[in-house]
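Got chain A sorted already, so can you dock chain E onto it with the hints?
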Amino acid sequence: AQSVTQPDIHITVSEGASLELRCNYSYGATPYLFWYVQSPGQGLQLLLKYFSGDTLVQGIKGFEAEFKRSQSSFNLRKPSVHWSDAAEYFCAVGADNQGGKLIFGQGTELSVKP
Amino acid sequence: DTGVSQDPRHKITKRGQNVTFRCDPISEHNRLYWYRQTLGQGPEFLTYFQNEAQLEKSRLLSDRFSAERPKGSFSTLEIQRTEQGDSAMYLCASSLADSPADEQYFGPGTRLTVT
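Order-wise, the sequence lines are chains A and E. So the first sequence is numbered by this note's numbering: it starts at 35 and just counts up by one. So the second sequence is numbered by this note's numbering: it starts at -4 and just counts up by one.
What the hints contain is simulated information worked out from the structure, not anything from laboratory work. We put the CB at the ideal spot given by N, CA and C, even for glycine. Honestly, I wouldn't trust all of these hints.
Stated by the list, open to error - Calculated pairs, DSBU-like style, for lysine-lysine (alpha carbon to alpha carbon, straight line, at most 35 Å):
no. : chain 1 : residue 1 : chain 2 : residue 2
1   : E       : 52        : A       : 83
2   : E       : 52        : A       : 102
3   : A       : 83        : E       : 6
4   : E       : 66        : A       : 83
5   : A       : 95        : A       : 147
Said to hold, decoys possible - Chain E is nowhere near these chain A residues, computed Cβ spacing over 10 Å in every case:
no. : residue
6   : 38
7   : 42
8   : 48
9   : 49
10  : 76
11  : 98
12  : 136
Isolated chain A (complex conformation) (with noise of 0.2 Å):
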């Protein structure tokens, strides 16, 4: 079965530092990958998604993530955090044959330190 694993429940990291967010995927095929923000009370949006070609992919916010089948993962970073950035971050996995639901982890908890 499809499962979705982010290792880090909380990460703190002071602004202006690196940031990498750690998601490890298990499924059989290649899978469509993606990585979701949800801030409190708002709802959850779409930072980047891979599905085939080039593995490093960009998104928005200045955040990218890098596919590495070798290891089942697909890491989000991005060079210097914002305290804006502080927010809750979901890796997810999909494919063809599930009908377009979505696997998600249970999350990861950014604090951003001044």
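Okay, now just chain E, sitting in the frame of chain A:
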């Protein structure tokens, strides 16, 4: 494009009561999804529609839950005989086409509290 809207945003109900939530997707979107999110967890898939057809239901969706999408536009999710374990955020999402690579646009959710 006003995005996906959900109503109500908050619902408090007593155990045993029935509740109904509404989701209005982005107007041209064919696919509509329902997810449930409990505290500290990611969203869990409940069900989805392609136009008015309900194509899949998760086993999380017990027989107390029913969802409809009449005429392929808005959708309703009803929970009968609510239990405390039903307390959660109920999220609706829609997408334009039936490719799993298609972006799902999420609404703000309906937070249900069962007392």
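To see whether the hints hold, each was checked on the structure:
no.	hint	verdict
1	52(E) to 83(A)	holds, 25 Å
2	52(E) to 102(A)	holds, 31 Å
3	83(A) to 6(E)	holds, 33 Å
4	66(E) to 83(A)	holds, 31 Å
5	95(A) to 147(A)	holds, 19 Å
6	38	violated, 8 Å
7	42	holds, 13 Å
8	48	holds, 25 Å
9	49	holds, 25 Å
10	76	violated, 7 Å
11	98	holds, 17 Å
12	136	violated, 7 Å
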